[in-house]
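Visitor: Chain Z: place on chain V using the hints.
Protein chains: 2
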Amino acid sequence: MDRTQLRRKPARGSHDRDVIDRICDEALICHVGFAAPHGPVVIPTTFVRIGPELHIHGSVGSAMLTALSEGGSACITITLLDALVLAKTALHHSANYRSVVAFGRGRVVEQREDKLASLAALLDKIDPGRSRACRPPNDKELKATRVVALPLTEASAKIRSGGPLAEDNADDAALPYWAGIIPLVTSRGERIPA
Amino acid sequence: MDRTQLRRKPARGSHDRDVIDRICDEALICHVGFAAPHGPVVIPTTFVRIGPELHIHGSVGSAMLTALSEGGSACITITLLDALVLAKTALHHSANYRSVVAFGRGRVVEQREDKLASLAALLDKIDPGRSRACRPPNDKELKATRVVALPLTEASAKIRSGGPLAEDNADDAALPYWAGIIPLVTSRGERIPA
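Order-wise, the sequence lines are chains V and Z.
Here the first sequence is numbered in numbering that gives the first Met the number 0, starting from 0 and rising by one per residue.
Here the second sequence is numbered in numbering that gives the first Met the number 0, starting from 0 and rising by one per residue.
Chain V with its partners taken away, still in its complex shape:
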């Protein structure tokens, strides 16, 4: 069975690359799941999408990057939580979200120019123009840094939006409780100089 097939609530799913790309580009972190001898491990990290790949960087000593590039299949999940959904009945409560789940094996980005471009893209995602507003990596730093790219070929998006589902029956619909959504907004505060 195709592992990107959506089992739960498939109506919320999408394999549209534009939809997937937009979620990847808005999110600042992803959660990387990889197999360790004792079971799966899930680690949060920053990332950047470059074309059809997700790029993650870190120390050459990172167990996560080693597992991503040398281990079996990994899973990268990206989640944007948009709202809490309050219904008149307890079990109709939900959340609005946009998520991407991508499966695959990573490849190490080896070429110097490719590594530099990847790191610059991450900096510019975090703060537009930042790659030209700081000292670029030198050879020693580049050597100590690993960049791993995971393809978005086996990826799917899942989105829930809007208000609570209609209640199951007229009695529930007539309940006097408030129903609606509480939007969640992530914003950038004032910069604090070091």
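Bear in mind the hints are in silico, worked out from the structure with no lab data behind them.
It cannot be assumed that every hint is accurate.
[To be verified] Chain Z regions said to be covered by chain V (calculated; three or more residues, Cβ under 8 Å):
no., region
1, 17-31
2, 36-49
3, 67-76
4, 86-95
5, 128-138
6, 159-171
7, 177-187
Where is the CB? At the ideal position from N, CA and C, for every residue including glycine.
Guide: For chain Z alone, kept in the frame of chain V given last:
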């Protein structure tokens, strides 16, 4: 080797239960990593901490909940992203965050009263008092809902805070680039009625 031992940057780590609990109580979602035949799968979901356990609920048809309660060891990761950290050099850029990684096997919460208490705690976490401001689950709904609890016994927290690290040398420290942090704030917007 103890799998909660922190390998990367152990100085950022903590096994203090108060630290772990506070992160769990502030975060609205976690990422659940479980083993599937083709490799790890990572799924975002809401959760609530009740005492020394993380509670997750969903449909009895949820593959994630089945894996959590009947499969091997799983990993639940909770991440709060607090700030982007901008340094004078590209590779000193970082992020401030608070995260918890918990390993273990889940147990199905079977008793009716325990399930109701767990669902009420989740509602009250999402919106204080909400469990008394909606219709509680009925027997049919409860039967279709699975609650799984994962112990926090094998858990660790990791925290980065503050500004960028000191630059490696005087030349870098003298660079004219701005350095500091961009705080990230998640806030609740105005409620939107259904």
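Visitor: The structure should be examined with respect to each hint, and the outcome stated for every one.
Guide: Comparing the hints with the structure gives:
no.	hint	in the structure
1	17-31	holds (count 4)
2	36-49	holds (count 8)
3	67-76	holds (count 6)
4	86-95	holds (count 7)
5	128-138	holds (count 7)
6	159-171	holds (count 3)
7	177-187	holds (count 11)
When the structure is compared with the earlier hints, no violation turns up for any of them.
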